[in-house]
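One line per chain: the protein sequences are A and B, in this order.
Just so you know, the first sequence maps onto residues 1 to 182 in the working numbering.
Just so you know, the second sequence maps onto residues 183 to 364 in the working numbering.
It should be emphasised that the hints constitute simulated quantities derived from the structure, not laboratory data.
Remember, it's a predicted structure, so these values are computed and weren't measured experimentally.
All C-beta atoms, glycine included, are put in the ideal place defined by N, C-alpha and C.
Incorrect hints may appear among the rest.
[Stated by the list, open to error] Covered stretches of chain B (in silico footprint by chain A; criterion: 3 or more residues with CB under 8 Å from a CB of chain A, positions within the stretch not fixed):
| # | segment |
| --- | --- |
| 1 | 201 to 215 |
| 2 | 240 to 249 |
| 3 | 350 to 356 |
[Unchecked claim] With beta-carbon atoms standing in for the labels, derived distance ranges:
| # | chain 1 | residue 1 | chain 2 | residue 2 | range |
| --- | --- | --- | --- | --- | --- |
| 4 | A | GLU101 | B | ASP276 | 27 to 33 Å |
| 5 | A | ALA122 | B | GLY350 | 53 to 59 Å |
| 6 | B | HIS311 | A | ALA112 | 38 to 44 Å |
| 7 | B | THR260 | A | ALA112 | 51 to 57 Å |
[Unchecked claim] Interface residues of chain B toward chain A, partial, derived using beta-carbon atoms under 10 Å:
| # | residue |
| --- | --- |
| 8 | VAL183 |
| 9 | VAL187 |
| 10 | GLU270 |
| 11 | PRO279 |
| 12 | GLY333 |
Number of protein chains: 2
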Amino acid sequence: VDATVDLLTDVGYHRLTIESIAARAGVGKATVYRWWPTKARLVIESLSHRIEVTPVKTTGELRADVRALVDAAIELFTESPLGAAMPEMASDLDADPEAREQLLSFLGPARAGNLSLLYRAAGRTDLPHDVDADLLLDLICGTVLYRRLLGRRSSSAIADQLTEMIVGRHLPRTSEGVGPTA
Amino acid sequence: VDATVDLLTDVGYHRLTIESIAARAGVGKATVYRWWPTKARLVIESLSHRIEVTPVKTTGELRADVRALVDAAIELFTESPLGAAMPEMASDLDADPEAREQLLSFLGPARAGNLSLLYRAAGRTDLPHDVDADLLLDLICGTVLYRRLLGRRSSSAIADQLTEMIVGRHLPRTSEGVGPTA
């Protein structure tokens, strides 16, 4: 498990092999396969022992809370080995429903906490009472992840724009500090 | 090139090897490497010969145009081998700026056309004159892509909600037809 996270950080999900993990851990390949039939399951379980994915703490103020959600997404997809591995697992997860289930359980408590934060805002009538909080979280994480795929940084100006789009219901404007090519 | 797209469709980016492509094409590995030093560059060039990425055609009506952008993103990330390969290339693109540049050039004309559609809407004052069209496109593609990573379908109800968020500046609501677990 430790060997997996170390190697994942060094070579990335794509280049990670069960052979190299077994070698680093000083065990046989068969031993690894006995416990984790697929690379995706081994990686998700290893990350879940090493990383904690925690929900954003609410301040009780919508704008600050949404901004914290955006910042957490930026951190996940730029700093964390989990955020780096997630997109690369795409087809492995399609082929391995148990691994996807494991990933959803790992992310689950943080996601539930973040949903609760948005529904609490709805309870204060800061958001519509029937807000689709799930879709808002997907939108925040997805925008940050997609920009990373294209090699675009999500600066704090981007974080401001996403926050403003949700809190102020304003569309993002370039005059808020980012040009079209930012 | 044909061998690459065929194999990509069969096994996915992750499991695709230069060996298997060379074997399918009936050439030596060295020959492949001579022309394409990395797998990412070979895949992007092969896809660009096989697939056309076209901008959405404008209807002149904002709601229909934005809905068409969302539908195009859903099609890209659920139907196209390009959309399937993109997330999996994440770390290869980080390590290979030329491959990323090649991907951006491949996507470029479609993206430029879609930006033009949004700026035309801004010209009609249907969107703010200084709308950050780039960020809106990232938001549309990213939301769809992230949902796919989590194994969530982007139904037409989701497409409606994203469209309404941009056009009507309404936050997504669950009562628009999708529950929190959809």
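Comparing the hints with the structure gives:
Using a Cβ-Cβ cut-off of 8 Å, 0 residues of the segment 201 to 215 of chain B lie near chain A, which falls short of the minimum of three, so the contact claim is violated. Counting residues of the segment 240 to 249 of chain B whose beta carbon lies closer than 8 Å to any beta carbon of chain A gives 0, which falls short of the minimum of three for the stated coverage. Restraint check on the segment 350 to 356 of chain B versus chain A: 6 residues with Cβ-Cβ distances below 8 Å, three needed, restraint holds. Checked against the hint of 27 to 33 Å, the pair GLU101 of chain A and ASP276 of chain B passes, with Cβ atoms roughly 28 Å apart.
Between ALA122 of chain A and GLY350 of chain B, the C-beta spacing of about 19 Å breaks the proposed range 53 to 59 Å. Between HIS311 of chain B and ALA112 of chain A the Cβ separation comes to about 40 Å, which falls inside the hinted range of 38 to 44 Å. The hinted window of 51 to 57 Å between THR260 of chain B and ALA112 of chain A is violated, with their beta carbons roughly 27 Å apart. At about 21 Å, the closest approach between the beta carbon of VAL183 of chain B and any beta carbon in chain A exceeds 10 Å, and the interface hint on this residue is violated.
Here the hint on VAL187 of chain B is broken, as its CB sits about 15 Å from the closest CB of chain A, past 10 Å. With a least beta-carbon distance of about 5 Å to chain A, the hint placing GLU270 of chain B at the interface is held under the 10 Å criterion. Interface restraint check: PRO279 of chain B against chain A, minimum CB-CB distance 8 Å, threshold 10 Å, status holds. Against a cut-off of 10 Å between C-beta atoms, the interface hint on GLY333 of chain B holds, since the closest Cβ of chain A lies about 5 Å away.
The structure is inconsistent with the numbered hints 1, 2, 5, 7, 8, 9, although it conforms to all the rest.
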